[in-house]
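Line order of the protein sequences matches chains A and B.
Per my numbering, residue 1 is the first one in the first sequence, and the count goes up by one each step.
Per my numbering, residue 1 is the first one in the second sequence, and the count goes up by one each step.
FYI, nobody ran anything at the bench for these hints, they're computed from the structure.
Incorrect hints may have been included.
Note: identical chains are not told apart, hence a pair may lie in one copy or across any two.
[As the list claims (entries may be wrong)] Pairs of lysine-lysine, DSS-like flavour, derived with a Cα cap of 25 Å:
no., residue 1, residue 2
1, K482, K80
2, K186, K85
3, K414, K468
4, K169, K46
There are 2 protein chains.
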Amino acid sequence: MQILKTMRTIAVAKGDGIGPEIMDAVLNIFNAAEVPLDYKVVDMGKWVFDKGFSNGMTVEAQESIESLGILFKGPMETPKGKGVKSINVTARKTWNTYANKRTFQTLYGVDTVFSKAGIPIDVTIVRENIEDTYGGIEHMLTHDVALSRRFITRPGSMQVIKYAFEMAKKKGAKRITCGHKANIMKITDGLFLEVFYEIAKEYPELKADDVIVDDLCMKLVTRPDVFDVVVLTNLQGDIVSDLCAGLVGGLGFAPSANIGDHISIFEAVHGTAPDITGKNIANPTALLLSGLAMLRHLGYMEKAAIIENALQYTLESGIHTGDFGNKEIPSVNTTDFAQAIINNFGKIPSHNPRPALANHYVTPTMFKLQKNPMLMSQEMQEEMIVGVDMFVESNEQPLAVAEKCLKHTNGIFKLVTVSNRGTQVWPTGSVFTNLVNQYRCRFEGVDGTVITQQEIVLLYTRIMADFKICSTELLNMWNGTKAYSLAQGQ
Amino acid sequence: MQILKTMRTIAVAKGDGIGPEIMDAVLNIFNAAEVPLDYKVVDMGKWVFDKGFSNGMTVEAQESIESLGILFKGPMETPKGKGVKSINVTARKTWNTYANKRTFQTLYGVDTVFSKAGIPIDVTIVRENIEDTYGGIEHMLTHDVALSRRFITRPGSMQVIKYAFEMAKKKGAKRITCGHKANIMKITDGLFLEVFYEIAKEYPELKADDVIVDDLCMKLVTRPDVFDVVVLTNLQGDIVSDLCAGLVGGLGFAPSANIGDHISIFEAVHGTAPDITGKNIANPTALLLSGLAMLRHLGYMEKAAIIENALQYTLESGIHTGDFGNKEIPSVNTTDFAQAIINNFGKIPSHNPRPALANHYVTPTMFKLQKNPMLMSQEMQEEMIVGVDMFVESNEQPLAVAEKCLKHTNGIFKLVTVSNRGTQVWPTGSVFTNLVNQYRCRFEGVDGTVITQQEIVLLYTRIMADFKICSTELLNMWNGTKAYSLAQGQ
């Protein structure tokens with residue numbers, strides 16, 4: 001057994017509602033196991049909002065977390081009301097934890113539809129945690145048309161996919177799968193999928209494949225045992241990871257880790273359960289599993305194995321809190337559940353015993369960042385602007401819209417297509433296409449001429465004589481390839 | 001029993017691969033049941049693409065479908081290759097079938113994880129079929145940043161939600177649920193949810209509620225029996241409906257109806273199974289269930305009940321094709337499976353027998369549209385432009401970007417916020433926020449002044465001296481309320 005070089009201090013935010021009770025239970029288990037950690041308790045949660053801190057944490061809390069690099073966090077509540085952002089989301093965004101890792105495993109003693117069917121589950125979902133529609137960039141374009149800008153970036157995809165491969169390799173996974181919707185979102189999810197297969201080349205020992213997200217969900221409810229590690233973009237990953245939580249019994253048994261380069265957050269993602277707060281009856285399993293993910297992240301592999309085996313042994317023996325388990329066996333309270341786990345240190349469960357992998361010491365992030373990291377891929381491409389999409393408000397028929405646009409093309413541009421909700425309605429289209437009061441008019445240079453921003457401004461000026469221009473998007477050509485999609489029917 | 005006023009003709013496209021075999025089996029069942037339908041077989045599918053028709057159907061096929069108003073369609077394949085759009089998607093878009101309805105029911109004789117657990121399933125998913133990222137409007141903004149424009153419209157939401165409520169009422173549903181992600185996509189999914197509750201007021205007999213889509217997926221794999229009718233936006237509905245297909249045994253048991261005001265399409269959404277084509281062993285159940293949805297759509301309630309009861313009786317009796325059922329009972333071929341159903345006309349299954357609801361005659365759409373329908377809600381709001389978001393390319397630090405912008409505000413605009421991937425990085429921000437080479441710079445009128453498009457053009461001209469402007473979005477204020485989201489941390 002390797003001796004860890006040093007004790008380490010982490011930040012602990014106990015959270016709201018049942019948070020303090022379950023956090024105390026977990027820390028008691030850690031202390032009984034002599035986990036070499038010190039805990040700096042920080043002020044964060046609804047009770048901190050209530051004291052007037054608009055982001056739900058004190059300045060001292062933020063400083064502690066940023067200097068310690070690890071936050072272990074109970075469930076938190078965000079006060080209701082417009083303009084207040086979720087504290088959980090704020091934490092992930094502020095500290096750029098780009099990968100959300102959640103591992104879902106059959107726990108014997110926790111009955112589910114799948115455990116009854118004898119289908120074992122052991123799947124890890126890695127979800128991109130920053131991008132997609134979670135950027136929250138939304139605009140009303142007309143009274144009838146709302147837009148959310150869904151963005152996927154190459155370096156952002158590289159960060160999370162690289163993490164997923166490294167993690168899969170470390171845990172000895174055989175297969176890593178990219179879930180996506182690139183058959184529909186060919187440019188955004190197409191980019192994510194492309195990055196996935198680029199990185200896969202560096203990991204020949206892992207079988208890398210991909211699956212359309214709807215097909216993935218169908219397979220997860222019929223044959224969840226065929227998947228190992230799955231990496232997805234943000235919203236799809238959100239949906240798939242909660243689906244997987246359902247497979248193992250719900251959020252009470254689903255740990256969550258938010259991984260960044262500088263700061264990582266380990267948390268229970270279930271609610272704060274105000275109805276049972278203070279009664280010492282809450283189930284600490286999800287928080288304990290999140291804590292075990294943290295111990296492994298920090299390299300305390302041996303302690304993590306001892307505690308996890310004790311947890312599984314305890315569950316197998318039928319000991320349970322009131323929210324799950326065999327109703328014929330009386331439930332125990334939070335303290336006694338934790339004590340039962342402590343009493344079972346050294347016991348080996350009959351299902352899925354965890355081997356004690358070698359400890360490894362992870363250097364704490366002791367530096368201060370001087371500036372924001374700029375993520376750039378090394379993509380160098382010959383680029384030119386070839387046109388512009390103008391999204392204009394109009395409740396007229398397609399031909400009328402096109403005729404107004406054609407007045408303004410002025411020898412430099414040609415009007416290529418007019419579409420409504422993505423379907424071409426001019427120069428050809430179907431009379432069955434129902435319209436909304438916003439058209440996309442695509443202008444490109446005549447004969448493929450390169451366009452300047454100055455020319456786009458002049459076109460803008462002319463078009464706005466007839467229309468309110470809600471949005472514009474440049475049309476780029478890179479290495480001779482269109483960097484934009486065609487309209488349906490174009 | 002009400003007598004239907006007339007025979008009706010519908011268009012039938014048999015499809016590719018196993019399509020013709022299973023379609024013939026289903027039409028044999030319909031004919032044996034004396035369903036008062038005539039079938040106009042039309043040319044559509046991969047074999048039509050291969051003859052040189054770029055959208056996979058002949059002109060005659062398109063005219064027939066548009067004059068008859070109903071298309072009954074086997075599975076189809078789209079030729080591989082860039083630029084060829086899926087024929088299934090083209091059909092839905094061309095004819096504006098705005099609602100996708102899929103009903104998922106436990107079929108006794110089809111073993112699933114949930115049937116083994118004794119959890120009955122009877123859930124109908126209504127998915128919006130036109131909007132969302134399925135508009136396919138995508139652009140690369142920089143070499144590193146891809147954008148998909150996700151739009152949700154008020155009239156588009158009204159169409160599908162209105163249909164969902166009407167359908168729920170007709171089928172005697174007790175509950176209708178809106179699945180959404182309005183906690184994150186507050187403007188787009190917020191609009192969908194708002195329309196849902198507006199329309200719910202017209203249906204006091206239905207219990208209307210809503211659920212976050214990730215929570216919905218978790219509940220569907222633990223307690224699917226609590227849901228009745230669920231309506232969702234396009235991508236979320238796609239994912240949830242395939243999840244539900246998994247609950248009942250897969251796409252082989254999942255019917256699909258695409259409903260429009262003028263044309264509706266009833267189809268099997270499984271593949272064309274080229275490996276078993278021509279062997280007369282394919283399972284026609286999904287296509288038959290789609291056909292039954294069509295009969296009910298047309299008002300042939302009595303015939304639908306007779307056939308569905310016979311199907312269920314047949315499945316209960318253990319008769320099955322090779323892809324499902326008790327392996328100890330030899331499977332039958334497609335023809336014999338269909339004949340078994342015909343032989344069981346009049347039999348009542350022991351589970352979920354279908355009552356014969358009163359027939360009602362549905363008038364065929366015999367008109368020709370003269371122009372595209374323009375969908376407009378009656379939203380009248382006081383509106384003004386208050387600013388503009390400019391999305392610029394830069395790999396500099398936030399302060400440098402802000403300083404360049406500030407040079408150009410020129411007394412008319414103020415720079416309100418600079419954000420990167422949705423998170424504010426100026427005037428305040430976290431040094432931990434990782435950047436990509438695209439910033440959003442938000443300009444508003446000083447002291448809330450109303451802005452003109454002319455002023456935006458002038459700002460554009462000044463800003464482009466320092467930056468490539470990838471996109472712009474107008475900032476609107478309606479009835480005194482901001483019609484756009486704030487940045488994370490703003």
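These are the hints, each one checked on the structure:
When the C-alpha separation of K482 and K80 is checked against a cutoff of 25 Å, the pair qualifies only between copies, where the shortest distance is 19 Å, while the shortest distance within a copy is 45 Å. Taking the closest pair of Cα atoms, K186 and K85 come within 25 Å of each other only across two copies (12 Å); inside a single copy the shortest separation is 31 Å, beyond that limit. Taking the shortest alpha-carbon separations for K414 and K468, both the intra-copy value of 20 Å and the inter-copy value of 22 Å come in at or below 25 Å. In the homo-oligomer, the alpha carbons of K169 and K46 never lie at most 25 Å apart, since the shortest distance is 38 Å inside one protomer and 42 Å across protomers.
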